[in-house]
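**Q** Chain residues, written in single-letter form:
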Amino acid sequence: MFIHLDIFGFLALTIFSLLTLVYLLVVQVVLLRLLHGYRAKQKQKFIAVWEERVFNYLENNEKPELLIKKIQRRKYRYLLHYLREFLLMLKGDDFDRLSALINQTKIQPFLISRLKSGSPRKINEAAYFLGLAKSGAARNILRKKLRSQNASVFLSSALALARLNDIEVVFEIFRNAYRFKFVSKDSLLVIMSEFSSDICEVLLQNLKKEKNALIQSITITLFRHFKYYPAGEIVLKIAVYSQNKEVTIESIKYFTSIEFLKAANALRALINSPKAEIRAEVLKALAVLGDSSFEQRIWDRMYDSEYEVQYNAVTTLMILIPGSEEKISQFAYGNLKDRAAAIVRMVLSERSIKS
Amino acid sequence: MNNQKTIIFAEDTMHIAQLLKFKLEKEGFTLIHFATGEGVTEGVINFKPDLVLLDIMMPVKDGLTVLKEIKSNPSIANIPVVLLTANAHEEYVVKGLQLGAIDYILKPFASAELVLRIKNILKMR
Amino acid sequence: MEIISYIVWGFNALILFYFLLICSIYIILNIVAFFKMIRYNRTIKYLDLKRVFKLTNYKAISVIVPAYNEENGIVESLKSLLQLEYPDFQLVVVNDGSTDNTLQKLFENFSIRQVSFTPFYKLKSQQIRSVYMSSEYPNLIVIDKVNGGKADAINAGINLAKSPLIAVIDADSVLERDCLLKIVRPFMEDENVIAVGGTIRIANGSNILHGNIVDVGLSKSWLARFQVVEYLRAFLFGRNGFDVLNGILIISGAFSCFSRDALIKIDGYRAGCIGEDMEIIVRMHRKLRKENPKLRITFIPDPVCWTEAPETFKVLRSQRMRWQKGTVDSILLHKKLFMNPAYGWIGMLVFPYFALFEMLGPVIEIFGYFFFIISFSFGFVTLSFAVAFLTTAILYGVVLSVLSVILEELSFQRYPKLSQLLTLMAAAFLENFGYRQLTTWWRFRGMFEYFTGKRHWGQMEKKGFAK
Numbered sequence: 001m002f003i004h005l006d007i008f009g010f011l012a013l014t015i016f017s018l019l020t021l022v023y024l025l026v027v028q029v030v031l032l033r034l035l036h037g038y039r040a041k042q043k044q045k046f047i048a049v050w051e052e053r054v055f056n057y058l059e060n061n062e063k064p065e066l067l068i069k070k071i072q073r074r075k076y077r078y079l080l081h082y083l084r085e086f087l088l089m090l091k092g093d094d095f096d097r098l099s100a101l102i103n104q105t106k107i108q109p110f111l112i113s114r115l116k117s118g119s120p121r122k123i124n125e126a127a128y129f130l131g132l133a134k135s136g137a138a139r140n141i142l143r144k145k146l147r148s149q150n151a152s153v154f155l156s157s158a159l160a161l162a163r164l165n166d167i168e169v170v171f172e173i174f175r176n177a178y179r180f181k182f183v184s185k186d187s188l189l190v191i192m193s194e195f196s197s198d199i200c201e202v203l204l205q206n207l208k209k210e211k212n213a214l215i216q217s218i219t220i221t222l223f224r225h226f227k228y229y230p231a232g233e234i235v236l237k238i239a240v241y242s243q244n245k246e247v248t249i250e251s252i253k254y255f256t257s258i259e260f261l262k263a264a265n266a267l268r269a270l271i272n273s274p275k276a277e278i279r280a281e282v283l284k285a286l287a288v289l290g291d292s293s294f295e296q297r298i299w300d301r302m303y304d305s306e307y308e309v310q311y312n313a314v315t316t317l318m319i320l321i322p323g324s325e326e327k328i329s330q331f332a333y334g335n336l337k338d339r340a341a342a343i344v345r346m347v348l349s350e351r352s353i354k355s
Numbered sequence: 356m357n358n359q360k361t362i363i364f365a366e367d368t369m370h371i372a373q374l375l376k377f378k379l380e381k382e383g384f385t386l387i388h389f390a391t392g393e394g395v396t397e398g399v400i401n402f403k404p405d406l407v408l409l410d411i412m413m414p415v416k417d418g419l420t421v422l423k424e425i426k427s428n429p430s431i432a433n434i435p436v437v438l439l440t441a442n443a444h445e446e447y448v449v450k451g452l453q454l455g456a457i458d459y460i461l462k463p464f465a466s467a468e469l470v471l472r473i474k475n476i477l478k479m480r
Numbered sequence: 481m482e483i484i485s486y487i488v489w490g491f492n493a494l495i496l497f498y499f500l501l502i503c504s505i506y507i508i509l510n511i512v513a514f515f516k517m518i519r520y521n522r523t524i525k526y527l528d529l530k531r532v533f534k535l536t537n538y539k540a541i542s543v544i545v546p547a548y549n550e551e552n553g554i555v556e557s558l559k560s561l562l563q564l565e566y567p568d569f570q571l572v573v574v575n576d577g578s579t580d581n582t583l584q585k586l587f588e589n590f591s592i593r594q595v596s597f598t599p600f601y602k603l604k605s606q607q608i609r610s611v612y613m614s615s616e617y618p619n620l621i622v623i624d625k626v627n628g629g630k631a632d633a634i635n636a637g638i639n640l641a642k643s644p645l646i647a648v649i650d651a652d653s654v655l656e657r658d659c660l661l662k663i664v665r666p667f668m669e670d671e672n673v674i675a676v677g678g679t680i681r682i683a684n685g686s687n688i689l690h691g692n693i694v695d696v697g698l699s700k701s702w703l704a705r706f707q708v709v710e711y712l713r714a715f716l717f718g719r720n721g722f723d724v725l726n727g728i729l730i731i732s733g734a735f736s737c738f739s740r741d742a743l744i745k746i747d748g749y750r751a752g753c754i755g756e757d758m759e760i761i762v763r764m765h766r767k768l769r770k771e772n773p774k775l776r777i778t779f780i781p782d783p784v785c786w787t788e789a790p791e792t793f794k795v796l797r798s799q800r801m802r803w804q805k806g807t808v809d810s811i812l813l814h815k816k817l818f819m820n821p822a823y824g825w826i827g828m829l830v831f832p833y834f835a836l837f838e839m840l841g842p843v844i845e846i847f848g849y850f851f852f853i854i855s856f857s858f859g860f861v862t863l864s865f866a867v868a869f870l871t872t873a874i875l876y877g878v879v880l881s882v883l884s885v886i887l888e889e890l891s892f893q894r895y896p897k898l899s900q901l902l903t904l905m906a907a908a909f910l911e912n913f914g915y916r917q918l919t920t921w922w923r924f925r926g927m928f929e930y931f932t933g934k935r936h937w938g939q940m941e942k943k944g945f946a947k
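Chains as they are written, first to last, in our numbering: chain A, 1 to 355; chain B, 356 to 480; chain C, 481 to 947.
If we strip away everything but chain A, and leave its shape as in the complex, we get (with noise of 0.2 Å):
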């Protein structure tokens, strides 16, 4: 016998069936937070007891080993956890004996087991410990997951291979990057940043023939990050021929900072380019690597169009030229109708107020 049922009936019957489910995922988002709660009270417990231990490990010599011995295996990831600030912000004696705490125990083989395993969740955490700690044992299995079709896997070994300073790797993770969508410039800029300086000799040989402009920009913030001078030709080349933007701004920054007197030239085409950003960022830096050379060029820069622009502009005269100060002010306060003398009046007064 059949249940007679409606066309009504049948809608009542699905959205009914909707709320079960509803119901079912408040039972269970409940459920999941009181094991998460549970969770934090014991990495509480565990806190409490383990914090004076750790403290004083890292004062006398005892064997990591000795002190591991203490914890249970399950209770291993509350100690990562707690470890993961020390680890980031200690360095010397104090970094030294924390990491031995991860790769002189048995932690390291229980990391490199999870790091094995099919699940993106442990892999992505036994990776991050694994850099964090720069477990040297973890290298092959690191690069191997570079190849992962998953997102996180492969950003969380390619930053776990960056603290472990591996430079081979370096071109592999800007080719895989551009198979994910998520993976952004950001995320590779944090990821080269943990290599050390050596990485900038390698992008240098790379950006002799290097054609992307995302790989491009990355480089060059990368020496201006790491303060790398030999660079200063082979970038001064790009940013005269280059398109993209990025490229360009990174490439003057990058010049101001190792104070790049050859780039002047260059900066001379292109203070009237016409992306009003490359104009500011030109006059940013004409204020370190120009020269009395570039004064009528930035004179007429205080009619650009872009505050900004006119700012820098006046700023980096005063700067550059010395008595400028004087023909600025007979400039703004001698032309009241015109526009460009008007806004030079309110660089003028921010400028007097700012000093």
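It is possible that part of the hints are untrue.
Below 25 Å or equal to it, Euclidean Cα-Cα: the simulated BS3-like pairs (lysine-lysine) are [said to hold, decoys possible]: (1) C:539 - A:284; (2) A:185 - C:516; (3) A:227 - B:450; (4) C:539 - A:245; (5) C:539 - A:253; (6) C:534 - A:227; (7) C:774 - A:185; (8) B:462 - C:525; (9) A:337 - C:642; (10) A:337 - C:602; (11) A:227 - C:539; (12) C:559 - B:423; (13) A:354 - B:426.
Quick caveat, the hints were computed from the structure, so don't treat them as lab data.
No experiment lies behind these values; they were computed from the predicted model shown.
Once you've looked at the hints, dock chains B and C against the given chain A.
**A** Just chains B and C, lined up with the frame of chain A:
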């Protein structure tokens, strides 16, 4: 004579704060800890510590603001202030030194070095 | 007779099915978008992108804060705004001819001094009296102008803002410290983005210290709790889905961010408009996206801004009536978009959706309830229809509300205590029995007043965060 020196420190990462406290107390200092920038200046006024250790990036009120408050209050302006900051934010250091901080320590740091620097500053006073 | 009853039956069935279909598409769209977001957040979990904060070329942002009679909260608000985490931002406070001591307070607390000024752009606004800058806070600028309303004040701010990106906030919004870092991401990732909105949350019951959210809490008032659920639903559930279609039609005025060029091109905000925050977005779609369909107006799901919700019926009623009038106003002003294939998804789907559900929704619902009660009491409808009607009208709402609380729990987990979660669940369930009908009624009245000529703004009373 009470020669125990007092240090007020503000640091928002809890475990690091605990470690600093442990290390410095071991050296015989009395530590007063704040987890945010809120109330630090008032604390400095009340306790007149021998030194203030300030993290720059903190919730509610950042370290540089606290520093400004301390230096603009004549009754506490002479208390030495040491800044603690992530090396990614190096340019804050210049600002901090301009505002009157006596020294700075970049994270990641070595705790032994931090203790030594603090001791040296207090010795010079 | 039989034919009529068949026709009635068929008609009702059609409407119900249509409704269910739209809602189901809506739910599916949202859930897909939601999981995409969670996956993204998990992907970057261990990266800590803030570490390259200083290396990245963040575009400068001017944050515009229109202020009208804000003497109680303005100092606290600005002090916390000045502490936002961002490498290059400027704070533009616009004193919109306040009649209280707003400007005086700024003088006392920020050591501002008058500067010479020339507006960079020519958006229409009331006359600017003077411009001030602070010697203590180099990125603060104060504009004092003749009163002209919020839209007018924002336009004056845009005219003097120097950054390529413009964020507009309410003076009493409590912002998350890293909100600018978050709101700027879409602009950095895609050159075609012209406007970005963020998620707004309700601050009532939270512990706020000097303009910072210290502990997230829930108000004791059920009226506020219902609104918490309502906001969760609107932001976690509504916008994510529309974003997939590039169909964001509203960005809340409590926190929005634009490219300055886009604002200038459309001549800024429309002064005297009731819902200026919706109107400007619709106008951007209409004018700019028609020219260049690649342009994007988008939204980030992260909570960026906390705002205070009314806790009394009277204030809530006037707020809702005002919002409804704003919606109607924006839709009627731009009715050209309706079913206009030249505007793509916006014209064919999103705009009609808004016209039908947001504008006419209350009318349809009120008539629906009315019709249902009449026909039920005259015996026109079968029991199964009655059940279907009620489940659709109420239980479907329960599903959506509870689901939105679950989405919040799965994504941001801003409510730390289990008891808060349970309260929210309860509120999600209960809001469908009374509260939702009440707001529908208010919106209906807002419509009515709009068409009968009372287009005044309605007063927004403030409880204030001042401690």
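**Q** For each hint, tell me whether it holds in the structure or not.
**A** Hint by hint, here is what the structure shows:
1. C:539 - A:284: Since the Cα atoms of residue 539 of chain C and residue 284 of chain A sit roughly 16 Å apart, the hinted pair holds (cutoff 25 Å).
2. A:185 - C:516: Between residue 185 of chain A and residue 516 of chain C the Cα gap is close to 20 Å, so the pair holds against 25 Å.
3. A:227 - B:450: Distance ~21 Å between residue 227 of chain A and residue 450 of chain B Cα, so the pair holds.
4. C:539 - A:245: Holds - the C-alpha atoms of residue 245 of chain A and residue 539 of chain C are around 13 Å apart, at most 25 Å.
5. C:539 - A:253: Between residue 539 of chain C and residue 253 of chain A the Cα gap is close to 14 Å, so the pair holds against 25 Å.
6. C:534 - A:227: holds, 14 Å
7. C:774 - A:185: Holds, at about 22 Å.
8. B:462 - C:525: At roughly 21 Å apart (the allowed maximum being 25 Å), residue 525 of chain C and residue 462 of chain B satisfy the hint.
9. A:337 - C:642: Satisfied, since the Cα-Cα distance of roughly 21 Å is no more than 25 Å.
10. A:337 - C:602: holds, 16 Å
11. A:227 - C:539: holds, 23 Å
12. C:559 - B:423: Status holds; Cα separation ~14 Å.
13. A:354 - B:426: holds, 19 Å
The structure is consistent with each of the numbered hints, conforming to all of them.
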